[in-house]
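A.B. asks: Sequence:
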Amino acid sequence: MGSAIAIHWFRHDLRLADNPALSAADARGRVVPVVIDDPALEAAHPPGSAFAWWRDRSRAALDRALGGALRVLRGDPATLLTDLATRHGASLVTWTRAYEPWTIARDTAVKAALKARGLSVESHNGALLWEPWETVKPDGAPYLVFTPFFRRGCLGAAQPRRPLPAPRLDPVPRAGDEPGVTTRSEAPWERKLARHWQIGEAAAKAALARFVEERLAGYAKGRDFPALSHTSRLSPHLAHGEISPNAVWHAVEGAGPAQDVASFRAELGWREFCAHQLFHFPDLPEAPLRPEFAAMPWREDAEALAAWQQGRTGVPLVDAGMRELWQTGYMHNRVRMVVASFLTKNLLIDWRAGARWFADCLVDHSPASNAASWQWVAGSGLDAAPYFRIFNPAIQAAKFDPEGTYIRRFVPELAPLPDRWIGAPWTAPETVLARAGLRLGRDYPRPIVDLAASRERALAAWHALRGNVAQT
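Residues 1 to 472 in full-length UniProt numbering are what the sequence shown spells out, letter by letter.
I should point out that these hints are in silico values taken from the structure, not numbers from a laboratory. Zero decoy hints are in this set.
Only pairs whose alpha carbons sit at most 30 Å apart, straight line, appear in this in silico DSS-like list of lysine-lysine:
#1 K205 with K192
#2 K205 with K221
#3 K399 with K221
Produce the complete structure using the sequences and hints provided.
C.D. replies: Encoded structure:
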């Protein structure tokens with residue numbers, strides 16, 4: 001190791017192991033680690049409350065791993081990085097690439113400004129298995145369907161690189177006038193989140209090991225059942241960069257039945273597909289990728305939206321999912337699809353309203369995955385579920401929560417109901433409700449919408465939309 005100084009700008013790569021940009025800085029010499037909050041970027045794309053809660057605690061964990069050397073600055077990154085380089089005599093700045101179009105634009109400008117001041121700049125991939133320009137069709141066009149994207153664009157390319165070990169850092173200590181990590185005050189609901197999570201790189205590694213040892217076997221089928229523990233719950237650690245997708249990809253190699261490994265890796269592939277979509281279609285978070293959906297007659301219904309947000313729709317699986325989200329900052333993936341279908345189809349409320357709520361409440365929020373997945377359910381995105389595929393929450397509950405374990409966990413007022421009725425209490429005989437001590441409309445809401453009638457309304461809107469498109 002030489003005597004030179006390099007700066008590593010931590011963003012959504014809050015880890016030491018398998019961090020190629022950090023390793024590049026370490027190869028130059030001693031490292032000045034820094035986090036920069038960019039007010040201009042935050043104003044245009046503010047982090048959600050739950051995401052920011054996790055991020056602050058992840059930074060604190062990283063700071064401990066760095067021996068208290070992490071600087072946390074706020075302002076224009078180009079100016080702050082230049083000043084930091086001048087102060088410490090650094091000649092190189094590194095960071096991990098991001099793929100949101102707004103971050104790309106910012107980073108391009110920062111890189112140009114730093115180079116104009118004589119600094120070397122390196123950005124590296126530490127966030128994706130394959131970069132979006134590596135997974136295009138032979139003619140350079142982006143894939144529009146997941147299966148060929150994953151099979152040809154991803155699996156047909158070079159295998160993901162093996163993870164790198166953590167560098168043996170000698171970080172430059174933080175001076176007394178350089179701001180360090182602070183944790184903002186918590187809103188009451190955020191204090192609930194801490195009961196459900198361990199945060200930081202060490203916690204991410206432990207979660208991965210636990211998944212491989214205890215949950216990978218049976219994943220392909222078990223992942224659909226929200227009461228079971230077959231999901232990895234690695235998404236927040238990946239979203240904040242506490243662990244790399246390469247480490248996750250290789251950790252499951254040969255660690256379980258082939259169908260379970262393949263199923264899990266396909267979920268990593270979906271994460272790649274979402275990033276691919278946002279990179280190639282920058283309007284993904286705000287505009288339907290299928291242009292005809294711009295004319296969809298979405299309903300404005302603030303009362304119904306609030307009932308959905310608060311988990312008081314009177315539809316137990318929907319309410320359980322929304323309460324899980326509020327209490328834990330997370331929601332089981334199948335239930336995410338059910339609650340999204342209910343909002344966009346049974347309530348006919350714009351998917352963007354749901355995406356905004358998820359963005360604020362999810363500890364694992366990713367702009368790409370959030371927008372792409374909402375558009376998939378709404379029918380307006382790439383390779384989307386057909387609009388006529390409308391999840392029936394009562395049927396989904398009977399199929400994937402047959403004993404009502406998940407519903408009882410998050411909707412405890414329904415706990416006394418027999419399993420047969422817990423997913424659709426409005427269908428239970430009055431005698432059953434009475435024995436359970438449950439009065440609909442008092443102890444638990446009646447459904448705010450009739451599932452069958454609202455399904456027909458959604459299909460009618462979709463058919464009308466298709467008819468209008470055909471006439472133009």
